[in-house]
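Could you build the full structure based on these sequences and the hints that come with them?
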Amino acid sequence: MRNLLIFISKYNAFFFFVFFFAMSLILVFKNNSFQRASTLNSSNLLIGQAYERYNTLQKYLRLAQVSDSLAAENARLRSQLKNSFYQNKAEERMVNDTTTLQQYTYLVAQVVNNSIHQKNNSITIDKGRSHGILPGMGVICSSGIVGIVDNVSTHYATIKSLLHQDTRISARITETQAFGSLVWGQEDYNPRIATLKDIPNHVDVKRGHHIVTSGYSALFPAGIAIGRVRDTRKKTGEISSDIKVILSTDFSTLAYVYVVKSNFSAEKQALELETEEADD
Amino acid sequence: MIRIITSNFIRFVLLVFIQVFLLKNIGYYNLSVPFLYILFILLLPFETPNWLLFLLSFLIGLTVDSFYDTLGVNAAACTVLALVRVIFINLTVQRLSFEIEPEPKLGIMGFRWFFFYAIILTAVHHTILFVIEDFSFNDFKYTLIRIILSSLFTVFLMLVAEFIFYRQKER
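As you go down the protein sequences, you meet chains X and H in turn. Heads up: the first sequence begins at 1 in UniProt numbering, then just goes up one per residue. Heads up: the second sequence begins at 1 in UniProt numbering, then just goes up one per residue.
Take these hints with a grain of salt, some might be off.
[As the list claims (entries may be wrong)] Computed Cβ-Cβ distance ranges for the label pairs, DEER-style:
1) 87(H) x 50(X): 33 to 39 Å
2) 2(X) x 87(H): 25 to 31 Å
3) 14(X) x 9(H): 49 to 55 Å
Read the hints as simulated data drawn from the structure, not as lab findings. By construction, the Cβ of each residue, glycine as well, lies at the ideal position given by its N, Cα and C atoms.
Right, here's the structure in full:
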């Protein structure tokens with residue numbers, strides 16, 4: 001205690017200073033609104049900053065939750081967008097004329113899935129059984145043929161694309177009337193090249209000759225463009241040989257296709273079946 | 001003793017009077033504001049006890065504050081000034097050498113010592129004063145210029161006052 005008193009009296013100047021300085025500061029803050037306000041403000045600023053830091057930390061910890069809720073909201077909003085609604089409208093044109101009977105009608109469909117780089121490519125369109133699409137129908141587009149309908153659900157249909165090893169299409173060379181079957185994926189998998197098989201060698205095929213559908217299969221109307229002959233072929237000793245065809249359809253940019261409905265295909269198939277049975 | 005108290009009392013009243021009625025209206029665009037009244041604290045006798053020194057500093061600061069409507073600001077600055085005065089005198093003056101003349105005056109201590117004494121104490125006082133008055137470091141450059149110019153003005157006035165009442169060392 002004595003030591004403390006000695007200490008205080010030795011450094012009395014300092015303690016007096018502290019006392020009077022504190023008194024004057026109290027006076028300053030009690031009586032001057034500006035200093036008081038700015039002290040409070042700065043303390044508020046300090047507290048505010050502390051809270052902000054804390055919030056930042058908390059925000060970081062809640063990040064997973066927040067991103068989940070944002071993703072859920074995105075999904076909800078996305079489901080309200082126009083392009084997430086299924087177009088349940090099928091457009092079909094038919095001409096009624098008694099002198100001619102309508103053999104083919106066309107149904108517009110949009111491509112919703114497509115592939116060109118596989119061995120067996122298929123296409124999905126947004127029209128299905130409810131629009132009258134059945135397996136086995138032909139599919140064309142504005143520049144050429146596309147493929148054959150494979151499977152059908154209520155609202156969708158898959159198409160066995162021309163770029164599929166099992167697809168066979170009856171084709172004809174316009175200039176010479178020679179016909180054969182068109183296949184793809186025999187040697188190379190170039191999505192622009194197909195092969196027209198079994199064209200007799202006496203037929204003079206030149207580069208640039210047009211290949212069209214023959215109309216024999218009743219899937220496609222006759223005369224739908226397929227492509228052009230790529231090379232003038234060499235003469236060989238064989239009876240027939242294959243021709244490389246540059247396809248006119250660009251499968252990589254396919255957007256809208258037409259499904260071909262043939263009104264007489266059932267009748268024709270039934271007749272052909274009857275004939276085959278009669279032959280047997 | 002009575003003479004010292006009387007002369008200091010008169011000095012107190014006179015300096016406060018000059019400060020609040022004359023120097024309050026003098027200034028260079030609020031940049032250079034003289035605070036001559038601190039000369040009273042500077043000129044208190046060496047032998048003043050610390051409690052009295054601090055009390056008088058606080059009182060004169062408070063008096064000036066009440067005229068300036070800045071209650072506490074000058075008092076705080078003067079309290080700091082008193083502390084610096086104690087430290088400065090402890091460092092520079094030998095206790096035993098001024099039995100005859102007890103006051104830190106220009107005529108007694110010499111121009112050199114008094115000049116530094118005045119400059120340092122004024123600078124400290126003005127720094128504290130303006131910093132507390134502005135109470136923000138937002139425009140510190142402006143505050144710094146105010147401190148420097150005001151200190152120069154105050155020191156100039158102090159020297160003038162000291163030369164007016166110049167008294168050669170009596171030997």
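Can you name, in rising order, the numbers of the hints this structure does not satisfy?
-> Checked against the structure, the only hint that fails is number 3, while the rest are satisfied.
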